[in-house]
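**Q** Sequence:
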Amino acid sequence: MRIASLGSGSKGNATLVDTGETLLLIDCGLPRRDVEERLQSRGVGGLDIDAILVTHEHGDHCRGVVPLAKAYDLPVFLTAGTAGSRKLEGLQSGVVIRPGDQFAVGDVDIAAEPVPHDAREPVQFCLTHNDLKLGVLTDLGSITPHVVQAFSGCDALVLEFNHDPQMLADGPYPYAVKKRVGGDFGHLNNAQARQFLDHADTARLKMLFVAHISQQNNALELADAALSGWSDLASCQVIYATQETGFEWCDLREPTTSLEVAAQA
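The sequence shown begins at 0 in numbering that gives the first Met the number 0 and counts up by one.
Worth flagging that the hints you see were computed from the coordinates, not collected in a lab.
Since the model is a prediction, treat every value here as computed from it, not as a measurement.
Honestly, I wouldn't trust all of these hints.
The calculated lysine-lysine pairs, modelled on DSSO-like cross-linking and capped at a C-alpha distance of 27 Å, are [what the hints assert, rightly or not]:
id, residue 1, residue 2
1, Lys86, Lys177
2, Lys10, Lys177
3, Lys205, Lys178
4, Lys10, Lys69
5, Lys10, Lys178
6, Lys178, Lys86
7, Lys86, Lys10
Computed Cβ-Cβ distance ranges for the label pairs, DEER-style [unchecked claim]:
id, residue 1, residue 2, range
8, Pro144, Arg32, 20 to 30 Å
9, Pro98, Gln39, 26 to 36 Å
10, Gly83, Gly228, 22 to 32 Å
11, Lys69, Glu36, 17 to 27 Å
Ideal Cβ positions, reconstructed from N, Cα and C, are used throughout, including at glycine.
Could you put together the complete structure from these sequences and hints?
**A** Shown next, in the form of structure tokens:
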């Protein structure tokens, strides 16, 4: 199983997971043309995708879902709350799932895990192929016992390090937006991401993708500092996802220390 990002951040998110038999796109928050260009840069195309998995209805995660699904006749797995959003009007290939559901697409077993986020019915995904477990965990405002349990035991994890609380407080966002981002149903700050790593079972974790980094309210060195002293850091490769390019294909069975990508904060 391998993973690549087409972009990660408040301007658009899209993640590819490929087993060689099944190609999944998790979220599609970029315009269709941008997605197609970035797919091509990863050596795949829209016709290669087997399904889109949508975490929630915010534009940076669903902007390109309907155009891409229509263009390539792709099934789209999403919750009823997400499907009811105006941003997904016209979607004709939706497959409704519920938080907590487990299902399969091709040779990938998928668990849709509920998370605390200010969306209608948000989920994040754990994907299992053979003996490998991949977690994609962004867009949540707090670490719950369920989240810790569900995303423990991953071999690779995409984890949100959205903001630094002081940078958010001092930054240009309106007060209401600051309160939302920093609230229990907003986005994880660096310390909360570290809190997850300290409480979850990360003994098998070999690849950590630092994701959804705010360009306004975070800095690479602050996210990096939050990882300092983490007990499993020495045995885990850390890769930083960027808004502009995400990150290149990474094989979960063959971690390589040469793939670290600098994030723009």
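**Q** All the hints need checking, so say for each whether the structure fits it.
**A** Evaluated hints:
1. Lys86 - Lys177: Given that 27 Å is the threshold and the Cα spacing comes to 24 Å, the pair holds.
2. Lys10 - Lys177: Judged against 27 Å, a Cα distance of about 17 Å means the pair holds.
3. Lys205 - Lys178: Status violated; Cα separation ~34 Å.
4. Lys10 - Lys69: Holds, at about 22 Å.
5. Lys10 - Lys178: 20 Å, holds
6. Lys178 - Lys86: 24 Å, holds
7. Lys86 - Lys10: Cα-Cα ~15 Å, so holds.
8. Pro144 - Arg32: 20 to 30 Å: 42 Å, violated
9. Pro98 - Gln39: 26 to 36 Å: Check passed, 34 Å falls within 26 to 36 Å.
10. Gly83 - Gly228: 22 to 32 Å: For Gly83 and Gly228 the Cβ distance comes to about 43 Å; the hint is violated.
11. Lys69 - Glu36: 17 to 27 Å: For Glu36 against Lys69, whose Cβ atoms are near 18 Å apart, the range 17 to 27 Å holds.
Going through the hint list in order, the structure does not satisfy hints 3, 8, 10.
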